[in-house]
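Peer 1: Sequence:
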Amino acid sequence: MYAQNSELGNARLVFEKSSMRDAVSFTALITGYASRGFLDKARELFDEIPIRDVVSWNAMIAGYAQSGRSEEALAFFQEMLRTNVTPNMSTMISVLSACAQSGSLEVGNLVRCWVEEHGLESNLRLVNALVDMYAKCGDLEKASNLFESIQDKNVVSWNVMIGGYTHMSFYKEALGLFRRMLKSHVEPNDVTLLSILPACANLGALGLGKWIHAYIDKKRETLANGALWTSLIDMYAKCGNIEAAKQIFDDMNPRNLASWNAMISGLAMHGRADMALNLFSRMTNEGFIPDEITFVGVLSACNHAGLLDLGRQYFSSMTQDYKVSPKLQHYGCMINLLVRAGLFEEAETLMKSMEMNPDGAIWGSLLGACKVHGRVELAEFVARHLSELEPENPGPYVLLSNIYAGVGRWEDVAKIRTKINDKGMKKVPGCTSIEVDNIVHEFVVGDKVHPQSREIYKMLDEVDILLKKAGFVPDTSEVLYDMDEEWKEGALSHHSEKLAIAFGLISTKPRTTIRIIKNLRVCGNCHSATKLISKIFNREIIARDRNRFHHFKDGSCSCKDYW
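Quick note on our numbering: the sequence shown kicks off at 639 and runs consecutively.
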């Protein structure tokens, strides 16, 4: 009784005074310790048990699994099998949870065989745990097949499959399954919504995100989970509606560190550096102690606005005042700030001071800065490093090819393209999505498969005519092929973001805000064109690229052409 009510001190006192210590009393106290994360104390008691039954082993395995110590949970399970203790259903559910955390498909498959041998394929708890394990281990096909085999799916069944899709970044499938769940009249709970909101955020599915917000508002009493409001802040920020994110943040009471972090990161992503840094000051004044996630947001704000001196100050304060050890993301922000300002030597010094090796993102920012500053020789050196670090990634070659094209070294461009082809590499195609009437539409460069393709290209022609009249001259240096200027202009006008904007113009009412999401960094040419389009059509266009948000309005962009 004491252990189950978290009165572990009193539970221990009764245990110590008792002369009748058997497996049951030992296990009761072990379960109390293990379920609250005191695993070392639980282990000490476990080692003292005169006779260990399956319940004792289960308490330890569950404790390790619930505390995220999955490797120890699986090691304990193996030890249990070696001592010839027969596992039961509770054992297997904890083991499957540990497999899901550690990605251990091999043990997970053994558990599935055990389930089949014992004729427990219709046991919903076990099958749900198996679906969760397969999904989190990356085998979505097996997870989906098992999920579809369940006759009477409960909310947990839907949650583990939706969560699996989100975990593996299959966001469209997660949204599709969520819609199926609603049609099946299964009511989503907080776990469902915490799984689906990141999918909305990544796809820019603002319409569905708003519906979920309204649903949470309606069910406030049953959905009293503070994490939902933080997740809503993140969703609105990533879907381009930073004002709605701020409204939720302002209405939150009480706020926790996660909500401050989400809001600071959201403002940083939208280029609102002053607001992000002011919010950081408010947060510390209110007694919150920033963590490493807070400083990723703060340094990102400095990075997106090019605030070099402030970035140096916050980086120094992070380590000296708050004793937060810099991680790769913090170094990445600082190095990007330095190289964008042309301070390559200072960036090199910082890289040498790092306790870990720079990752692909850091080398990539160096390569990008080489393009901005025309450092061709350094770009060649950096590209070699990047290709050794990520041999299957065509990105370094493409960017180096871009740099060569910028200085007219077409023979070198051709050599790189040959190398890419010889290695069988595929460049990640630019893809832009736009949500209209709660449906997400995706476009790739030169896309002709959309049902309204004819109308889209007609609008695109109109856009190009109006751009020319407004004096827009395409920057054909952005095109990496040695071709005639006229052909280059055509290649630029069919970029995926231009197609998505054209679709937005024909599919929404005048003056409606157009929101688009691109998987790559927006190119300079499309950036310049979109600024003018926002003025010509009197539309605000909010674009999220791989790095940040751009708010185009009245012919200018919130990034002030620094991105």
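Since the hints were derived computationally from the structure, they do not count as laboratory data.
From a predicted model like this one, the values you see are computed outputs, not experimental measurements.
One or more hints might be untrue.
Distance windows between CB atoms, simulated [what the hints assert, rightly or not]:
(1) D997 with K1096: 39 to 47 Å
(2) Q642 with L861: 23 to 31 Å
(3) N722 with N1059: 39 to 47 Å
(4) R950 with Y853: 26 to 34 Å
(5) T1151 with W849: 47 to 55 Å
(6) P1089 with L861: 35 to 43 Å
(7) G1044 with T957: 48 to 56 Å
(8) C751 with K1061: 26 to 34 Å
(9) N1059 with S955: 23 to 31 Å
(10) S1196 with Y853: 47 to 55 Å
(11) E930 with E1030: 47 to 55 Å
(12) T1151 with V793: 32 to 40 Å
In this text, a Cβ means the ideal position worked out from N, Cα and C, and glycines have one as well.
Peer 1: Quick one: are N722 and N1059 within 39 to 47 Å, going by C-beta?
Peer 2: violated, 59 Å
Peer 1: Do the beta carbons of P1089 and L861 sit within 35 to 43 Å of each other?
Peer 2: For P1089 and L861 the Cβ distance comes to about 37 Å; the hint holds.
Peer 1: Taking the CB of Q642 and the CB of L861, does the distance hold inside 23 to 31 Å?
Peer 2: holds, 26 Å
Peer 1: Starting from the range 39 to 47 Å, see whether the pair D997 and K1096 falls in it by beta-carbon distance.
Peer 2: holds, 45 Å
Peer 1: Indicate whether the distance between the beta carbons of E930 and E1030 respects the range 47 to 55 Å.
Peer 2: violated, 29 Å
Peer 1: With 32 to 40 Å as the target window, see if T1151 and V793 comply at their CB atoms.
Peer 2: For T1151 and V793 the Cβ distance comes to about 35 Å; the hint holds.
Peer 1: Taking 48 to 56 Å as the stated bounds, is the beta-carbon spacing between G1044 and T957 within them?
Peer 2: violated, 37 Å
Peer 1: Given a hinted range of 47 to 55 Å, is it respected by the beta-carbon distance of S1196 and Y853?
Peer 2: violated, 31 Å
Peer 1: In this structure, is the beta-carbon distance linking T1151 and W849 contained in 47 to 55 Å?
Peer 2: At roughly 18 Å between Cβ atoms, W849 and T1151 fall outside 47 to 55 Å, so the hint is violated.
Peer 1: Could you say whether the range 26 to 34 Å given as a hint is met by the Cβ separation of R950 and Y853?
Peer 2: Violated, at about 45 Å.
Peer 1: Could one say that the CB atoms of N1059 and S955 fall in the range 23 to 31 Å?
Peer 2: Roughly 49 Å apart at Cβ, these two residues miss the hinted range, so it is violated.
Peer 1: Should the hint that C751 and K1061 are 26 to 34 Å apart at their CB atoms be regarded as holding?
Peer 2: violated, 40 Å
Hints 3, 4, 5, 7, 8, 9, 10 and 11 from the earlier list are contradicted by this structure; the remaining hints agree with it.
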